[in-house]
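With these hints in hand, go ahead and build the complete structure from the sequences.
4 protein chains.
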Amino acid sequence: MGDIVGGEIVPEPLRVTLWNEFIHERKDDSVRAIYPDGMHTVWEQALHTHLGDAVSVRSAWLEQPDHGLPADVLESTDVLFWWGHIAHGEVADAVAAAVADRVRRGMGLVALHSAHYSKVFRLLMGTTCSLRWRSAHDRELVWTVDPTHPVAHGVPSPIVIPEQEMYGEFFDVPPPDDLVFISSFSGGEVFRGGCGWKRGFGRVFYFSPGDQEYPVYHHPDVQRVLANAASWVAPSSVRGSAYSADHAPTGWFE
Amino acid sequence: MGDIVGGEIVPEPLRVTLWNEFIHERKDDSVRAIYPDGMHTVWEQALHTHLGDAVSVRSAWLEQPDHGLPADVLESTDVLFWWGHIAHGEVADAVAAAVADRVRRGMGLVALHSAHYSKVFRLLMGTTCSLRWRSAHDRELVWTVDPTHPVAHGVPSPIVIPEQEMYGEFFDVPPPDDLVFISSFSGGEVFRGGCGWKRGFGRVFYFSPGDQEYPVYHHPDVQRVLANAASWVAPSSVRGSAYSADHAPTGWFE
Amino acid sequence: MGDIVGGEIVPEPLRVTLWNEFIHERKDDSVRAIYPDGMHTVWEQALHTHLGDAVSVRSAWLEQPDHGLPADVLESTDVLFWWGHIAHGEVADAVAAAVADRVRRGMGLVALHSAHYSKVFRLLMGTTCSLRWRSAHDRELVWTVDPTHPVAHGVPSPIVIPEQEMYGEFFDVPPPDDLVFISSFSGGEVFRGGCGWKRGFGRVFYFSPGDQEYPVYHHPDVQRVLANAASWVAPSSVRGSAYSADHAPTGWFE
Amino acid sequence: MGDIVGGEIVPEPLRVTLWNEFIHERKDDSVRAIYPDGMHTVWEQALHTHLGDAVSVRSAWLEQPDHGLPADVLESTDVLFWWGHIAHGEVADAVAAAVADRVRRGMGLVALHSAHYSKVFRLLMGTTCSLRWRSAHDRELVWTVDPTHPVAHGVPSPIVIPEQEMYGEFFDVPPPDDLVFISSFSGGEVFRGGCGWKRGFGRVFYFSPGDQEYPVYHHPDVQRVLANAASWVAPSSVRGSAYSADHAPTGWFE
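Protein chains in written order, with numbering that gives the first Met the number 0: chain Z, 0 to 253; chain U, 0 to 253; chain D, 0 to 253; chain S, 0 to 253.
One or more hints might be untrue.
Under the rule of at most 16 angstroms between Cα atoms (straight-line distance), these lysine to aspartate or glutamate pairs were calculated in the EDC-like manner [unchecked claim]:
#1 K197/S with D145/Z
#2 K197/U with D100/U
#3 K197/D with D176/D
#4 K197/D with D176/U
Computed, partial: chain D to chain Z, Cβ under 8 angstroms [said to hold, decoys possible]:
#5 G167
#6 P173
#7 G186
#8 R198
#9 A247
#10 P248
Note that these hints are calculated values from the structure, not bench results.
The beta carbon of each residue, even a glycine, is placed where N, CA and C say it ideally should be.
Here you go:
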């Protein structure tokens, strides 16, 4: 992330890759009306709005060779966003495994909405990642329960999302290392919708708002969360090489 | 907690003391109508319903000498319940300190509803324990987010409480060691209303339902939670003596 | 786990299956001298010593059909122990996946020593599970850092293990939900060697002592930990069926 | 922390106040030889070495009026360091309470070594903060168990401290929100010596190395930890005003 000068890091742009399944926007009129160029273009704009030149952004999607994530792309990505829904099963096992491996070596992952069921997220969580759901125009309120967490920086509590798909507990994930947001829905359900986990040298943030049928990613507060999440999962200096079991003779550290 | 036989514990009754401020029930007609003999009598019945002879129960309240908690009572208490509201300031500092000390030496504490602002709870948390609130007949739904936690055993998700005071985030407590229940309210707020913490050799469970103006402690699912919480905070074998800094000469354990 | 009577559970035996790779004991003279009938026979004796009739025990090993873990065995197992070392790669992917799935549906898992690198444990953790190591007759001291945790019940701090393989940090696992034991070694390393995690409706406990070249499982304090761990990961009442995403129409809980 | 421009924070110097009991250095020849101008002067140098102009530093000590911490100093302090040992009891209760209150409103606290027993730290933890100890020239090894944590940034694992007082478990603090370092000592003990907690809008980091009889704060890696800790506990944007229970009428957020 740049050279160390006087204990401070000289910033280089954070290299973000936005992975979008990118099917609904081309197939469903209702979704295309909201995201005519794909939801990843809205995320890109959100990142530039909040992070400016501190971020460089590429996009990738399912139908590209290697789903747009060949080794050289993954290795030059600091933070990967992931959104998928109807085609989780079409993501090649080898690509999902490579992404999970890259996270363990230090790449940050921001998993959005229905990515809770993606191969990548499930590989990293070790659980079913199931949840309750309903698409019935619920209002979602996103409450901050960790007000000093960097992902909540500058975000009002609650974020008011007029219409969203309902995601409800029990959300079958490991207890999060950081629980930042809890949502309520007009139907009464609650959901731990903003959660952070550490996996190896990498960080994962899951953020639940974002169903394709509602214009959630145009919401300015949601955009702020996307930018904050990118910054928070960004790798520290420990990264780039796999961690593996080393034989350690007595006194190796002396 | 009884003798160890073949690795199993032969149960003796769990010694529970129920501490109730016990002012509203005698002063306010609306509260007396719900709890004519004090809310502690309803808790006592709940514990016997679910734990039977495995529990022995005493009660204590504010106006008694030493608030009913002289040293011999505290020392012979395994689990203490605490409910207070309008008279937190009248609890003697020395009694609050003695209770907190007793928790650190292994006594379990179940803090109920407005006890979030009690001296005892704040001493153990180290924070302001503030929250948002509103008494406006909200419906409260109590959702289980840790389905295998002993305090959630046999409890439906959600518990539906037709009317309750609203308690909302941000709840200024340390991140709980165990987050078991999250409530939503008809007004849209959420609250981490079922939380466990370790403090020294003792355990603390906070359970938010229970405003005096609503018949919450008559609710059978709430009663089940009270019994589960008593069991969960019950001391293990490590208890009874203060933990203090010991000088440890080299090889003391050999 | 038996019928509910008056709020108490009438115990039925906990059904434990001990899975042992069972290669070293038959191939290496040095290991056979320590565990002539396999290390699982020593674990079985430990469980009966501490849990008596409260536990029923079966064993299974690698070379059996389905590695001794066909569906009917897994489904009738409450707690599974796992020890493997040189043949992790020979465990069929389908069996490893079935075991992980069974944990998510409520079976407890006790992963021992070199099982840190087993397929089952890695599937549940989502990380590499790497660590430093050295087999050089280090003395291991196992310190309790959570004295009221059930797995530490009746266990001295430290447990003194005269000779053991060294396992050292960084141990690449998710931050444990429960950190119970930390070991030090004469060479100076430390290791988070007693850790608990929740995964779906199941619990996992990892306990690091137990290299095949040292008589660790004959140590009475280690045996106590094995029994405690079996009890702690034992399933609660929520188990037996997969958790899956359910559509939840508005007001489904009313 | 500066103005927000394009989502980025324009840095102003972090305002650090170093609180040192400052008795041993003036009374004990052995300590004066190590820290002739007080250990706080070595910390100050360490902060400037690693944080340069990004930090402005003041010092305060016990014998000053209000122990050097009147309201205007506390209110203009972003991060407070605390070291005390033989005179914890001489710190006025009112000052300790004011410091704890200031932490809850967003000031960061770095508690060093024997500050584990200070009034301030105990008020924030809610526990006895006891531990085992021995001053016998043990070698201390400080191992990183959370390699991507900002406090571990640029720090070798282990840090080798040739001689130090031994601090050993059980360390009676709440389970840390962040466990960054675990130490071992030549005598065999282990200690969770690098721990972070959240308290209200503030963060606390405890770092155990630093007995006055050994030149620990001259160690370059220890100095790096001091600077990292200052940065990590530095307040985010949510700070400055007490959090208090607010009445929240229905729909207040709409």
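Right, here's what the structure says about each hint:
A threshold of 16 angstroms between alpha carbons decides the hint, and for K197/S with D145/Z the separation of about 9 angstroms falls inside it, so the pair holds. With a CA separation close to 13 angstroms, the supplied pair K197/U and D100/U stays within the 16 angstroms bound. For the hint linking K197/D to D176/D, the alpha-carbon distance of about 7 angstroms falls within 16 angstroms, and the restraint holds. Taking the CA atoms of K197/D and D176/U, the gap is about 13 angstroms. The hint holds against a cut of 16 angstroms.
Restraint check, G167/D versus chain Z: the minimum CB separation of about 6 angstroms is within 8 angstroms; hint holds. Against a cut-off of 8 angstroms between C-beta atoms, the interface hint on P173/D holds, since the closest Cβ of chain Z lies about 6 angstroms away. Because the closest C-beta pair between G186/D and chain Z is about 5 angstroms apart, less than 8 angstroms, the hint holds. Given the 8 angstroms rule on beta carbons, the hint for R198/D holds: about 5 angstroms separates it from the nearest Cβ of chain Z.
The beta carbon of A247/D comes within 4 angstroms of a beta carbon in chain Z, closer than 8 angstroms, and the hint placing it at the interface holds. Using the Cβ-Cβ criterion of 8 angstroms, the hint placing P248/D at the interface with chain Z is satisfied: the shortest such distance is roughly 6 angstroms.
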